[in-house]
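Protein chains: 2
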Amino acid sequence: MRTGVTPGELVSDEAILAAVAAEAGWMEELLIRLVEAPTVLGAEEAGQTVMEEAFLGCGLETRSVRLDGRALRDAEGASPFTWDVEDKRNVVADWPTGDGAAGGGRSLILNGHIDVVPPAAEELWTHPPFRVVRDGDWMYGRGAGDMKAGLAAMTGAVRALVRAGYAPAADVQLQSVVEEECTGHGALQCLLDGARADGCVITEPHPDHITVAQVGVLWFHIDIAGVPAHAARASRLGFNAIDAAVEVLAALRRHEARLNEDPPPPFDAFEHPINLNPGMISGGDWPSTVAATCTLSSRIGLYPGQDPEEACAGVEAAVAEAVAASPRLAEHPPRVRYDGFSCEGSVVDKGEPLVQTLSGAYGRLHGERPAVEATTATTDARHFIRMGIPAVCFGPRGEGIHGIDERVSLRSVVESAQVLGLFVRDWCGLVPGRKE
Amino acid sequence: MRTGVTPGELVSDEAILAAVAAEAGWMEELLIRLVEAPTVLGAEEAGQTVMEEAFLGCGLETRSVRLDGRALRDAEGASPFTWDVEDKRNVVADWPTGDGAAGGGRSLILNGHIDVVPPAAEELWTHPPFRVVRDGDWMYGRGAGDMKAGLAAMTGAVRALVRAGYAPAADVQLQSVVEEECTGHGALQCLLDGARADGCVITEPHPDHITVAQVGVLWFHIDIAGVPAHAARASRLGFNAIDAAVEVLAALRRHEARLNEDPPPPFDAFEHPINLNPGMISGGDWPSTVAATCTLSSRIGLYPGQDPEEACAGVEAAVAEAVAASPRLAEHPPRVRYDGFSCEGSVVDKGEPLVQTLSGAYGRLHGERPAVEATTATTDARHFIRMGIPAVCFGPRGEGIHGIDERVSLRSVVESAQVLGLFVRDWCGLVPGRKE
Numbered sequence: 116m117r118t119g120v121t122p123g124e125l126v127s128d129e130a131i132l133a134a135v136a137a138e139a140g141w142m143e144e145l146l147i148r149l150v151e152a153p154t155v156l157g158a159e160e161a162g163q164t165v166m167e168e169a170f171l172g173c174g175l176e177t178r179s180v181r182l183d184g185r186a187l188r189d190a191e192g193a194s195p196f197t198w199d200v201e202d203k204r205n206v207v208a209d210w211p212t213g214d215g216a217a218g219g220g221r222s223l224i225l226n227g228h229i230d231v232v233p234p235a236a237e238e239l240w241t242h243p244p245f246r247v248v249r250d251g252d253w254m255y256g257r258g259a260g261d262m263k264a265g266l267a268a269m270t271g272a273v274r275a276l277v278r279a280g281y282a283p284a285a286d287v288q289l290q291s292v293v294e295e296e297c298t299g300h301g302a303l304q305c306l307l308d309g310a311r312a313d314g315c316v317i318t319e320p321h322p323d324h325i326t327v328a329q330v331g332v333l334w335f336h337i338d339i340a341g342v343p344a345h346a347a348r349a350s351r352l353g354f355n356a357i358d359a360a361v362e363v364l365a366a367l368r369r370h371e372a373r374l375n376e377d378p379p380p381p382f383d384a385f386e387h388p389i390n391l392n393p394g395m396i397s398g399g400d401w402p403s404t405v406a407a408t409c410t411l412s413s414r415i416g417l418y419p420g421q422d423p424e425e426a427c428a429g430v431e432a433a434v435a436e437a438v439a440a441s442p443r444l445a446e447h448p449p450r451v452r453y454d455g456f457s458c459e460g461s462v463v464d465k466g467e468p469l470v471q472t473l474s475g476a477y478g479r480l481h482g483e484r485p486a487v488e489a490t491t492a493t494t495d496a497r498h499f500i501r502m503g504i505p506a507v508c509f510g511p512r513g514e515g516i517h518g519i520d521e522r523v524s525l526r527s528v529v530e531s532a533q534v535l536g537l538f539v540r541d542w543c544g545l546v547p548g549r550k551e
Numbered sequence: 116m117r118t119g120v121t122p123g124e125l126v127s128d129e130a131i132l133a134a135v136a137a138e139a140g141w142m143e144e145l146l147i148r149l150v151e152a153p154t155v156l157g158a159e160e161a162g163q164t165v166m167e168e169a170f171l172g173c174g175l176e177t178r179s180v181r182l183d184g185r186a187l188r189d190a191e192g193a194s195p196f197t198w199d200v201e202d203k204r205n206v207v208a209d210w211p212t213g214d215g216a217a218g219g220g221r222s223l224i225l226n227g228h229i230d231v232v233p234p235a236a237e238e239l240w241t242h243p244p245f246r247v248v249r250d251g252d253w254m255y256g257r258g259a260g261d262m263k264a265g266l267a268a269m270t271g272a273v274r275a276l277v278r279a280g281y282a283p284a285a286d287v288q289l290q291s292v293v294e295e296e297c298t299g300h301g302a303l304q305c306l307l308d309g310a311r312a313d314g315c316v317i318t319e320p321h322p323d324h325i326t327v328a329q330v331g332v333l334w335f336h337i338d339i340a341g342v343p344a345h346a347a348r349a350s351r352l353g354f355n356a357i358d359a360a361v362e363v364l365a366a367l368r369r370h371e372a373r374l375n376e377d378p379p380p381p382f383d384a385f386e387h388p389i390n391l392n393p394g395m396i397s398g399g400d401w402p403s404t405v406a407a408t409c410t411l412s413s414r415i416g417l418y419p420g421q422d423p424e425e426a427c428a429g430v431e432a433a434v435a436e437a438v439a440a441s442p443r444l445a446e447h448p449p450r451v452r453y454d455g456f457s458c459e460g461s462v463v464d465k466g467e468p469l470v471q472t473l474s475g476a477y478g479r480l481h482g483e484r485p486a487v488e489a490t491t492a493t494t495d496a497r498h499f500i501r502m503g504i505p506a507v508c509f510g511p512r513g514e515g516i517h518g519i520d521e522r523v524s525l526r527s528v529v530e531s532a533q534v535l536g537l538f539v540r541d542w543c544g545l546v547p548g549r550k551e
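Top line first, the protein sequences correspond to chains A and B. All letters in the first sequence, in the order written, are residues 116 to 551 by the numbering used here. All letters in the second sequence, in the order written, are residues 116 to 551 by the numbering used here.
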């Protein structure tokens, strides 16, 4: 605390926990509306409209932070992208400081992303992925866990405090951002727009732990050319691009194995921290034609401290290894393209006040402190950290993230919101809200 | 010759060769129109309209033989199919016998297919695949060789004889059929419609040889299920359907190797007669999601005498081999579907009068007899052979069949038509055409 308001003085734990618990129904309703908005890449706006209404429902004013493709392309920490972003916006709400807050408390960004990954295979879901189904404590749907529950929790926590008559002693900004799942350019645009704070909590589905370190991620797309011919003469005249993709993938798997041989801390805690994922493949146009082309789109992790350029070089070396082993591949060298994530890993020190304060808030609700962990995924935290803003992830309990029958524990949504309520008090300070 | 007209008596070689050569420009014009009609599966009608006009331009009456999905599904020799065929037709022209033809000559079907395979990779073509480009003797375009040149040659041969005042001494039917590249159901429908003859020549791009034996072909589609998860946890939680497809393909390649170990005659003339072709692959929906599904569509050959059911069993055994070697695959056994070709191989005896007569006609133009060969592909010939009608393939010189920059030699189109003109005389007999 820099000055002024003493945390905990004005508001008791019990008052905060009760105020947030009273918003359980509101958070659940918000979550249903969010999940039923199928906010895959390019279709984020349906969810942003819901978030705009939710922020208004907290008594906050909202504004749009529109994505600016040109500014993003020039920005440090940006990833390459080939799609149009001009119609996209983040929705931001500034929660104004209250009476007697001058100079007091630490400012905060609460951040969540509205975009979701596609359903993976809709036919494998028990219920349609964008229709909410409840079963006891679980709510099912794509994005329920990752991370609309987090958006509902952070918004519910703020709403509870506002309705109880409190305001923060330092600026709090709520951000509902786009494109976390492919570039992080929603969060980056907020920073380009001037967002700054003493700390940032991203309410990703990281339950019962605070995430302080994350890998970087590289997306790469390999276009492989074959020599098409009639299948009847495949072995004499043709060179099948699908077979060639298998050779390239084998070389990439060898590269992945090498990267996992001796992980640096804190990633030595993982058996296999760097995951290569051949996420999409598409090749050929007729069963009786030797496949002329095959495109393999993959994701691979990189350790903090490693430049994404190095990761690109590693991928290209693996492809070159496949080419060196195959005269036919050498005749038509595969082309590596970058589109989407090309981002560094990041680490926040466990001793940071942000981590300690959030950990303490968690401990006051749960009786013990949460684990402090690393993740083998990336999150928008890196953009804040790059700007010198400590950022961690903490949020509700989701399962089936990027999988089938994704779900979130509704109790964990309320509990996450309660922890956030305590944390806002402890980090920012709470003062009486201004009378209009 | 059974009776009546003695072949060669009425018309000299020279007269036929000159009459057909005079149609070279007409054939080329027809071929341009045919190639520029992009008659891929489902879009055949644009080409059938051209063929209808071409048959009318020979002074023949035409009729449509519409595909009947229900009848085809029940027919012997049919392949499974999941698409709609009710709007498709073959275009047929009957060339009526002439004066004094009663009981004379042997009847004939001249058959070609209007459908073409897709361009494999349009961006690899020097010129757009459905825009004709001429370079010296070569005409470029998808379908130029396979087999619109054959349609032009057979039609040009008949037009030349009609315009010279001749008619056959036995029934001749010209057939422009659909779906040769996926089921052969166009040709099969003509047979269900009652088409019969003493022999059939299919003007496929089989230059300087007569094809008397062919493999069967099986198309099969393998749906492989993975366990999607976040790529960050791929190695712990996920099972990637693209990796699984690689395992299945490896087992299929081992199956293919076994099939090529000891080929029966006449396929022992080939180093590798049975080609497995993984022609199309599609899997996954997001680079950072472990692929939930992957579908591999392949083609494999089978030897004459082998039932397509056996080929299915062989494929399924190969898939089972992959499953047995992979506990993760065993949890989600791949599903094999059949859609498209499921057809037997076929053989015509080299001593058949049809082969000898066509060989003789070729020899009269070229000074030596053509090779008599087997092919590692299938053609519509099998449907005629199954009905007891000897059927062979012979036609123009095409290159890049099912490949890039497909082309056909225009001189070979004229020469093929000349051979067909001589052959019609020798097989059917020629008599004066009827005066209207």
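A hint or two may mislead.
Stated by the list, open to error - Partial list, computed: chain A residues near chain B (C-beta under 8 Å):
1. Gly192
2. Phe196
3. Thr197
4. Ser222
5. Val232
6. Pro233
7. Ala344
8. Gly398
9. Ala407
10. Ala486
To be verified - Among chain B residues calculated to face chain A with C-beta under 8 Å, some are:
11. Pro211
12. Asp214
13. Gly215
14. Gly219
15. Val232
16. Pro243
17. Val247
18. Val248
19. Gly251
20. Ser350
21. Asp400
22. Val405
23. Ile516
Hints are computed from structural coordinates only; laboratory data are not their basis. Glycine included, every Cβ here is placed at the ideal spot set by N, Cα and C.
Evaluated hints:
no.: 1; hint: Gly192; verdict: 18 Å, violated
no.: 2; hint: Phe196; verdict: 13 Å, violated
no.: 3; hint: Thr197; verdict: 13 Å, violated
no.: 4; hint: Ser222; verdict: 30 Å, violated
no.: 5; hint: Val232; verdict: 5 Å, holds
no.: 6; hint: Pro233; verdict: 4 Å, holds
no.: 7; hint: Ala344; verdict: 5 Å, holds
no.: 8; hint: Gly398; verdict: 5 Å, holds
no.: 9; hint: Ala407; verdict: 4 Å, holds
no.: 10; hint: Ala486; verdict: 16 Å, violated
no.: 11; hint: Pro211; verdict: 37 Å, violated
no.: 12; hint: Asp214; verdict: 44 Å, violated
no.: 13; hint: Gly215; verdict: 44 Å, violated
no.: 14; hint: Gly219; verdict: 39 Å, violated
no.: 15; hint: Val232; verdict: 5 Å, holds
no.: 16; hint: Pro243; verdict: 15 Å, violated
no.: 17; hint: Val247; verdict: 20 Å, violated
no.: 18; hint: Val248; verdict: 19 Å, violated
no.: 19; hint: Gly251; verdict: 23 Å, violated
no.: 20; hint: Ser350; verdict: 4 Å, holds
no.: 21; hint: Asp400; verdict: 4 Å, holds
no.: 22; hint: Val405; verdict: 6 Å, holds
no.: 23; hint: Ile516; verdict: 5 Å, holds
Checked against the numbered hints given earlier, the structure breaks hints 1, 2, 3, 4, 10, 11, 12, 13, 14, 16, 17, 18, 19 and satisfies all the rest.
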